[in-house]
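Colleague: So you can see what is in the structure, the chains are spelled out below.
Number of protein chains: 2
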Amino acid sequence: MSPAEFQAPGSTERTRGRRIPENSVTETAALHQVLDAGLVAHLAVVDESGHPYVLPVAYARRGEQVLFHGSTGSRLFRGLAAGQPTCLTVTLLDGLVLARSAFESSMNYRSAMVLGIATRLSGDDELDALACITEHLLPGRWSECRHPSPKERAATLTLGLDLNECSVKIRTGGPDDDPADLLDPVFSQIWAGEVPLQSMFAAPIADENTPTTINVPEYITKWQRR
Amino acid sequence: MSPAEFQAPGSTERTRGRRIPENSVTETAALHQVLDAGLVAHLAVVDESGHPYVLPVAYARRGEQVLFHGSTGSRLFRGLAAGQPTCLTVTLLDGLVLARSAFESSMNYRSAMVLGIATRLSGDDELDALACITEHLLPGRWSECRHPSPKERAATLTLGLDLNECSVKIRTGGPDDDPADLLDPVFSQIWAGEVPLQSMFAAPIADENTPTTINVPEYITKWQRR
Chain A
312 MSPAEFQAPG
322 STERTRGRRI
332 PENSVTETAA
342 LHQVLDAGLV
352 AHLAVVDESG
362 HPYVLPVAYA
372 RRGEQVLFHG
382 STGSRLFRGL
392 AAGQPTCLTV
402 TLLDGLVLAR
412 SAFESSMNYR
422 SAMVLGIATR
432 LSGDDELDAL
442 ACITEHLLPG
452 RWSECRHPSP
462 KERAATLTLG
472 LDLNECSVKI
482 RTGGPDDDPA
492 DLLDPVFSQI
502 WAGEVPLQSM
512 FAAPIADENT
522 PTTINVPEYI
532 TKWQRR
Chain B
312 MSPAEFQAPG
322 STERTRGRRI
332 PENSVTETAA
342 LHQVLDAGLV
352 AHLAVVDESG
362 HPYVLPVAYA
372 RRGEQVLFHG
382 STGSRLFRGL
392 AAGQPTCLTV
402 TLLDGLVLAR
412 SAFESSMNYR
422 SAMVLGIATR
432 LSGDDELDAL
442 ACITEHLLPG
452 RWSECRHPSP
462 KERAATLTLG
472 LDLNECSVKI
482 RTGGPDDDPA
492 DLLDPVFSQI
502 WAGEVPLQSM
512 FAAPIADENT
522 PTTINVPEYI
532 TKWQRR
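Chains A and B, in that order, are what the protein sequence lines are. So in the numbering used here, the last spot in the first sequence is 537, and the numbers never skip. So in the numbering used here, the last spot in the second sequence is 537, and the numbers never skip.
Simulated from the structure, these hints should not be mistaken for laboratory data. Don't take every hint at face value.
Which copy is meant is left open, because identical chains are indistinguishable; a pair holds if it fits in one copy or across any two.
To be verified - Quick list of in silico lysine to aspartate or glutamate cross-link-like pairs, EDC-like style, CA-CA up to 20 angstroms:
1) K533 with E316
2) K533 with D347
3) K462 with D489
4) K462 with D435
Bound conformation, chain A alone:
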């Protein structure tokens, strides 16, 4: 069962970091930072037969909740709205870690996992959630774009998942090599370290219907990856 109230990241039986505990983070601020820095989440949905699916979704954090949406025509999303337990994971890959051994080679990353049961949002609360998702992905866009029509709203299933049971894992820095490899005459001579991975926006590309007199809005040119 999911806790009914907020629990610190990594503090429940299901979220405790047993493997490589030094990568487990328990600060709520870190949970918020990882969720706020991601663009896409991976969402688990289990079907009637018990088979899990992992779907990429747009999302946003609103206070102590993550928000995401799907189609009202989607069998899997209707299952979530009906109370199927779920898990939403956001992973940011920050680099590759090259140890002297294959076993200690790794990745630098920030990852947040949220467990629980989502609830369907409606009315003004749902509209606010849709605004949050647009603003998370496309900051500044909501005040300019056309908001959802009643027909579009009817086709959209918007869900909220409380951040009551989460884990956060963050790995940074170079390899943690086996001390024996650092003394080995062959393996101590291997180049080891990290290769950072960077994500950035390229120049915006206007579509063929945008009047040539319209410049790229300033709010778009300011976007940066975190």
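Assemble the complex: chain A is given as a structure, and chain B must be docked to it using the hints.
Modeller: For chain B alone, coordinates are given in the frame of chain A:
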């Protein structure tokens, strides 16, 4: 039940692209390309109580199989080895799509989903799989790094998941706006288009134990994101 033999991507009841069918791709070559271009996969594991988890994992494709590994001490990985159904999804985010409406705003992406039951690998087959995973993430590294010791092998649970039931979704290009918005006096004047997202490796950083006389190997300086 998962099919016992290879089925074309998107051709089974569970993988058919019902929502936005124009994004569904049925070519096996596209499936391979998406899996080969990703660095991290998101893996679903369902625990004894039926609750799903989504875990980021390193992986590789080997022929018509995806390979990944975890710790033999992990309850969730032992569940997979015991035959729990799973789903492995790889998503590459290629850009943000700004439509005139919030509803049609989207992301450009390439995503592959593999459904099935994984099997545990052993012996030379497992060692080859570990080499594949290292070479997928760190091309050229396997011939230089120290290979797993018997103790490290004993701590590693390596799984293979056949590509028998998959879906591939790819979205490219600008927004698919509601035709009414293109004629609207206000909304037709909004800048719309796409903002590509690029991923690239930064300069390698040697760790403090790498002799200063050792240069970054050429195989590392050649790495590029796809």
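Colleague: All hints are to be evaluated individually against the structure, with a verdict given for each.
Modeller: Going down the list of hints, with the structure as the test:
Proximity of K533 and E316 under a CA criterion of 20 angstroms is satisfied in neither setting, with 37 angstroms inside one chain copy and 49 angstroms between copies. For a Cα distance limit of 20 angstroms, the shortest separation of K533 from D347 inside one copy, 17 angstroms, qualifies, whereas the shortest one across copies, 32 angstroms, does not. In this assembly of identical chains, the alpha carbons of K462 and D489 lie at most 20 angstroms apart only when taken from different copies (12 angstroms versus 60 angstroms within one copy). With identical chains, the CA atoms of K462 and D435 are at most 20 angstroms apart within one copy only, with a shortest distance of 16 angstroms there and 57 angstroms across copies.
In this structure, only the earlier hint numbered 1 is contradicted, and the remaining ones agree with it.
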